[in-house]
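If you're matching them up, the sequences are chains Y and W in order. With positions in the first sequence counted from 1, the corresponding number in my numbering is that position plus 247. With positions in the second sequence counted from 1, the corresponding number in my numbering is that position plus 247.
To be clear, the hints were calculated from the coordinates, so they are not data collected in a lab. Quantities reported herein were computed from a predicted structural model and do not represent experimental measurements. Possibly wrong hints are sitting among the right ones.
Copies of the same chain look alike in the list, so a pair counts if it works inside one copy or between any two.
Stated by the list, open to error - DSBU-like mimics (lysine-lysine), calculated; alpha carbons at most 30 Å apart, straight line: (1) K528 to K386; (2) K524 to K386; (3) K407 to K455; (4) K252 to K407; (5) K386 to K292; (6) K386 to K252; (7) K417 to K455; (8) K304 to K502.
Residues per chain, in single letters:
Number of protein chains: 2
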Amino acid sequence: MIEDKVLIVGLGLIGGSYAEALTNAGFQVGAIDRNRESLDYALAKGIITEGTVRPEKEFISRYRLIVSCLYPNTFVEWIRTCQDLIAPGTLITDTSGVKVPVVYEVQRILRPDLEYIGAHPMAGRERSGVVNSDCSVFKGANYLVTPTSANTQPAIETCKELGRRMGFGKISELSPEEHDEMIGFLSQLTHCVAVSLMTCRETSEMAKYSGDSFRDLTRIAAINETMWSELFLLNRDVLIHQIDMFVNSMEALKKAIADGDTETLRAVMRDSSQKRKQFEKN
Amino acid sequence: MIEDKVLIVGLGLIGGSYAEALTNAGFQVGAIDRNRESLDYALAKGIITEGTVRPEKEFISRYRLIVSCLYPNTFVEWIRTCQDLIAPGTLITDTSGVKVPVVYEVQRILRPDLEYIGAHPMAGRERSGVVNSDCSVFKGANYLVTPTSANTQPAIETCKELGRRMGFGKISELSPEEHDEMIGFLSQLTHCVAVSLMTCRETSEMAKYSGDSFRDLTRIAAINETMWSELFLLNRDVLIHQIDMFVNSMEALKKAIADGDTETLRAVMRDSSQKRKQFEKN
Numbered sequence: 248m249i250e251d252k253v254l255i256v257g258l259g260l261i262g263g264s265y266a267e268a269l270t271n272a273g274f275q276v277g278a279i280d281r282n283r284e285s286l287d288y289a290l291a292k293g294i295i296t297e298g299t300v301r302p303e304k305e306f307i308s309r310y311r312l313i314v315s316c317l318y319p320n321t322f323v324e325w326i327r328t329c330q331d332l333i334a335p336g337t338l339i340t341d342t343s344g345v346k347v348p349v350v351y352e353v354q355r356i357l358r359p360d361l362e363y364i365g366a367h368p369m370a371g372r373e374r375s376g377v378v379n380s381d382c383s384v385f386k387g388a389n390y391l392v393t394p395t396s397a398n399t400q401p402a403i404e405t406c407k408e409l410g411r412r413m414g415f416g417k418i419s420e421l422s423p424e425e426h427d428e429m430i431g432f433l434s435q436l437t438h439c440v441a442v443s444l445m446t447c448r449e450t451s452e453m454a455k456y457s458g459d460s461f462r463d464l465t466r467i468a469a470i471n472e473t474m475w476s477e478l479f480l481l482n483r484d485v486l487i488h489q490i491d492m493f494v495n496s497m498e499a500l501k502k503a504i505a506d507g508d509t510e511t512l513r514a515v516m517r518d519s520s521q522k523r524k525q526f527e528k529n
Numbered sequence: 248m249i250e251d252k253v254l255i256v257g258l259g260l261i262g263g264s265y266a267e268a269l270t271n272a273g274f275q276v277g278a279i280d281r282n283r284e285s286l287d288y289a290l291a292k293g294i295i296t297e298g299t300v301r302p303e304k305e306f307i308s309r310y311r312l313i314v315s316c317l318y319p320n321t322f323v324e325w326i327r328t329c330q331d332l333i334a335p336g337t338l339i340t341d342t343s344g345v346k347v348p349v350v351y352e353v354q355r356i357l358r359p360d361l362e363y364i365g366a367h368p369m370a371g372r373e374r375s376g377v378v379n380s381d382c383s384v385f386k387g388a389n390y391l392v393t394p395t396s397a398n399t400q401p402a403i404e405t406c407k408e409l410g411r412r413m414g415f416g417k418i419s420e421l422s423p424e425e426h427d428e429m430i431g432f433l434s435q436l437t438h439c440v441a442v443s444l445m446t447c448r449e450t451s452e453m454a455k456y457s458g459d460s461f462r463d464l465t466r467i468a469a470i471n472e473t474m475w476s477e478l479f480l481l482n483r484d485v486l487i488h489q490i491d492m493f494v495n496s497m498e499a500l501k502k503a504i505a506d507g508d509t510e511t512l513r514a515v516m517r518d519s520s521q522k523r524k525q526f527e528k529n
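The task is simple: from the sequences and hints, build the whole structure.
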């Protein structure tokens, strides 16, 4: 039932990785990107069959399945300005890391003869651009689909099938609200923590003494500032709440240390060790 | 110049790893541990040649080089109660993760015909006990020596040579104060952060959605509560200061998010990415 042609809008790290995964899975993949060089790279690598820098009806309307790999605000803007170029009956999905502000806005402004369903591939890299794309990061990773009451069952199935065909390990369904609450903790708070740890003091003399602990906790402190600023602000209320919970937890630990309260410290650490077990990879 | 016999006091994860590394390096290694099974395991594995559960003069005085692999407070207590059993002229070193409260106290109470020099092997595991010991964790790791004005140059050289012979990658000299300030940030604060992240909220439903970021930031949240509580409290003032700096940094990030201040967010992230580069492994 799934279309055999897919149009990727935005050919960066994720767009390129999607193009590669979908080509490997037997899809014919086209791409739109404002950067000609990115298209040329993907054509030369054989992960797209055609590409254009200009969104034109003749090109776009050849596809019934479109995946936006744009940043969230850019995606909403693209729908606003380009949806008239899309063929009736086309299914649109995306890859943006926040859902509530994207999903409801796109579904609100979308033409009634089109359908959009949100998705979030939980995989990435500390680099950007199509030249760093690599679909092996999807292997075993989580692929989240965030349907609303506006979505049809066939669209939900097609979106999940797309994730499966690209090699994701686990395909889950969540509401946009559940998604943003979860991602605010698991992904956005962790990036805030890593950035704060990396920037809270002078560290130039410390690199030579660093063990793996500090390295692990700051791996994601090398961060794409354009994308993550946008993601943080689009999930502002959730993220602020997560930061508050975490800071309260730090302050409680500090109090136990200041009080010399060994029993509390040990109890928190036992709880921590116990909870961490659930996150071990299978 | 270095002795060819070493006595390990405390045969846990680090003691066992030292015994293995030193045996591999051609030393004859003896051990004291209150647990008979640990000694039997190490004897069977061939990483010690003799062991005793009871600290006796006849046994201990056969060695001119002693390495304590006890927790910090236990080490100070062991010196207090057992130093009369040690042969004159013996050099003692240790492995404890805090230095100021250990080094000055041991040097203060030590017999004048003995010498103690502090050391800290920056390597470990999220497990404990001699059965989990593995000297390959020392390969390329940092080995810190923390001499004071009470130490002689030959003792400093012997201590460094011990680190080299066990395969450590970098041998550095720091004052006890510099050590504790640095370790308060690079190691203790990171463990506080991981534990707080792991315990700040209910997470039982989240494991199935976790990506690598959260896993990396909480690897060390599986923590030995006895040892780390002791380390935190022995470095209390330094650690509280590090927590304050970090929390201030989190609060500043939160303010930028609350204010929708994209420019500040991007600037902090650029700074973070820049600083992280210095910590990349060679």
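Going through the hints against the structure:
no., hint, verdict
1, K528 to K386, "both (13 Å within a copy, 26 Å between copies)"
2, K524 to K386, "both (22 Å within a copy, 27 Å between copies)"
3, K407 to K455, "between (46 Å within a copy, 17 Å between copies)"
4, K252 to K407, "within (16 Å within a copy, 64 Å between copies)"
5, K386 to K292, "within (20 Å within a copy, 40 Å between copies)"
6, K386 to K252, "within (22 Å within a copy, 51 Å between copies)"
7, K417 to K455, "between (39 Å within a copy, 8 Å between copies)"
8, K304 to K502, "neither (63 Å within a copy, 44 Å between copies)"
Checked against the numbered hints above, the structure violates only hint 8.
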